[in-house]
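Those sequence lines, one after another, are chains F and D.
When we follow our numbering, the leftmost residue of the first sequence carries the number 1, and every step to the right adds one.
When we follow our numbering, the leftmost residue of the second sequence carries the number 571, and every step to the right adds one.
Simulated from the structure, these hints should not be mistaken for laboratory data.
Computed from a predicted model, the values in this text were never measured in an experiment.
Glycine included, C-beta positions come from ideal geometry on N, C-alpha and C.
One should not assume that every hint holds.
Which residues of chain F face chain D? A partial, calculated answer using Cβ under 7 Å [stated by the list, open to error]:
| hint | residue |
| --- | --- |
| 1 | A39 |
| 2 | S44 |
| 3 | G48 |
| 4 | T49 |
| 5 | A214 |
| 6 | P215 |
| 7 | R217 |
| 8 | C223 |
| 9 | A336 |
| 10 | L339 |
| 11 | Q341 |
| 12 | E343 |
| 13 | Y487 |
| 14 | P489 |
| 15 | F490 |
One-letter residues, chain by chain:
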Amino acid sequence: MSDEYISTDVLVIGGGLAGCFAAIKAAELGAQVVIFDKAHIRRSGNGGTGLHRIPLIHPDYNLTSREFARLNVQGAAGICDEDVSYEFAQDTLDRVLDLESYGVPMRREDGSFIVKPAQDIAPGQIAIWGPGPTVWHDVKPILARKAQEAGAKILNRTAGIGLLTEGGKLGGRVIGAVGLGTRTGEFIVCAAKAVVLTTGGSYRVGRHKNSLYAPTRFIECGCPTNSGDGQYMAYRAGADIVNLEFLELSPSWKDLPHWGCGPIGVVGQEILGTGEPVSASHEEASKFDRYIKTYTFGLDSEVLFNDASVVPGYPEEKGEMLELLWAEENEATSYAYLLWQKERGEDFTKGPIEFEWHPPYLHNNQAGIHMNTQAGSSLRGLYCAGDVIGGGWRQSSGGAFVFGARAGQSAAEYALQTSPIPINHHQVDAEKERLLQATDVTPSQGYSWIELEDKARQIVSEYGGPLTSNAKLRRGLMHLERIKTRYLPFLYARNTRELLRVSEVHSTFWIAEAHLRAALFRQESRFPYVSLLYKRGCPVEDDENWLKHSVIRNIDWQMTIGTKEVKRLE
Amino acid sequence: MLRELASTDLEIRYRGGIIIDDELCIGCKKCYEVCPPDVFEFDEETKCPILAFPDECWYCGACIFECPVEGALRMELPLACL
């Protein structure tokens, strides 16, 4: 099949919350914009079926951007760039007002916002909630329409599979990308003066306990189409990837690994089956105790519940908070949660809800492509935003809006003052061949994407974070290398759909390796709020030596690892 | 009796996924268009979607939000999650 060639000023890969904002802002500056969306832009990504709240800084809460940034750094256990947190705080309210101007209802009838603490996001965080008994189910359709009206050309069912660089060189300026039509099998080669990566995190990293049980294979905390493709593409182009040792962990509904948006973390306190609280206070819970105690107890020796009858830190909020949460959960962003709740008769307004830890994934904005305050990566012509980024901290949807907008602006400004660079056809062919070799393998000779994905995720869960040791990590790397060498080359794809999954499995293997290597590299335990790394036998938070980003770089196609200083405000 | 049992379809069917009511479905294709993990196929003859890849359903409900006919699509959680 012949390839389609297109060109544009700005190519946005991933049409989720961040990608839509990037496209809108770039188009408003007069840039031509193309969006690749692996799914369909109306309902793609983590915001696909709605949002229940957006983290922001609000004047009513008397928290300055500087104070917010300091809290953010604390939540991240020091491993984030304070300037990014500061800039996030500066812009959040403006982006919420943008959303309002696009048609997303934001206020109560009296014109006020509903702003409440959202401590599950990070200590000190506050968030704006939907103005009524519903969550914002239609944020994505509204943003998608706005992007289209702004002039962006949307290519649905088109997955980005590889970035193109000047001269095809590693570390060169990014000048476009190759996409795969996920229903057509056609390759789309897009030459672009600047590229924005907004492909999200990855929820296919750790292995869920139900993973061998077919119908639950894709029931992940976040959208399973997000498989770390952006991080892997950026790595292959030569960008800096930071902090992959810190995967995010989610305490969520027992047996249903959908995000526990709602009572858990926001208002609840973890208690054991005996009724004994895990931690004395939310403040204490934000550290080591919460994870070590609940993680091991949850797995091994005790049932875990979340008790929402305590509202640590803000008892005066309890009434309205519970009302809001209850409304939210009745109209959850996760449809499955409603069925779960009905089946089990769980009701957090009446008693503790049973929960458990679900497997680690990539979502915390700490681990990912190293992003600066202008949403730039370490490569010329490459911008990023949303869950694909690293070096920041827990920005959630607010970060997707703030840095999505900045990525679009920065990319457009860059694109409008530079000339296009001819693409390197060898690089295009190499990207295609990397996938197409799976079409030459027959099922009797090879392995399905399902088997290989399951194996990579098994290795991460058995040997990687959050609870691990140097010996365990070395062993995990040995197994991963064995599987990668002996079996990964024999992935087969019988059709276009399987070709997409093969591409995703490549990303999963890369994340597995990057995670194990980064975790082995860091010779300490460290406990960010939602993404601890506990290494048996290593010192705890050795700031003198390890208050740094770990950084993974592709140097001559070898995965090399080093450190980068964390940025602090003056 | 045993012989009779042995002759029936031996494929194990897991419960769970999106249940499509062909009687109510108007064939608008919206579920097929938007599904993030792309689990539907569309049967042009019957003008109804088919849940072709139930194992890859995220259970997000995007199809149900988009469906213009109340009750044409219904979600059933796998037993492992219930």
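Quick rundown of the hints versus the structure:
Given hint, A39(F) at the interface with chain D, holds; its Cβ is 4 Å from that chain's nearest Cβ, closer than 7 Å. Hint on S44(F) holds. Least Cβ distance to chain D is approximately 6 Å, under the 7 Å limit. With its C-beta approaching chain D no nearer than about 5 Å, G48(F) sits inside the 7 Å limit, and its interface hint holds. A cut of 7 Å between beta carbons decides the hint on T49(F): the least distance to chain D is about 5 Å, and the hint holds.
Against a cut-off of 7 Å between C-beta atoms, the interface hint on A214(F) holds, since the closest Cβ of chain D lies about 4 Å away. The interface hint given for P215(F) is met, as the beta carbon of that residue sits about 4 Å from the closest beta carbon of chain D, less than 7 Å. Annotation: R217(F) was flagged as interfacial toward chain D, and the flag holds, the nearest CB pair being 5 Å apart, inside 7 Å. Hint status for C223(F): holds, given a least beta-carbon distance of 6 Å to chain D, under 7 Å.
Against a cut-off of 7 Å between C-beta atoms, the interface hint on A336(F) holds, since the closest Cβ of chain D lies about 4 Å away. With 7 Å as the threshold, the beta carbon of L339(F) comes within range of chain D, its nearest partner Cβ sitting at about 5 Å, so the hint holds. A distance limit of 7 Å between C-beta atoms decides the matter here; for Q341(F) the minimum to chain D is near 11 Å, and the interface restraint is violated. Here the hint on E343(F) is kept, as its CB sits about 5 Å from the closest CB of chain D, short of 7 Å.
Contact between Y487(F) and chain D, as hinted, is not supported at the beta carbon level, the nearest pair being about 21 Å apart and thus beyond 7 Å. The interface hint given for P489(F) is broken, as the beta carbon of that residue sits about 24 Å from the closest beta carbon of chain D, more than 7 Å. With its C-beta approaching chain D no nearer than about 21 Å, F490(F) sits outside the 7 Å limit, and its interface hint is violated.
Comparing the model with each earlier hint shows violations of hints 11, 13, 14, 15; every other hint is respected.
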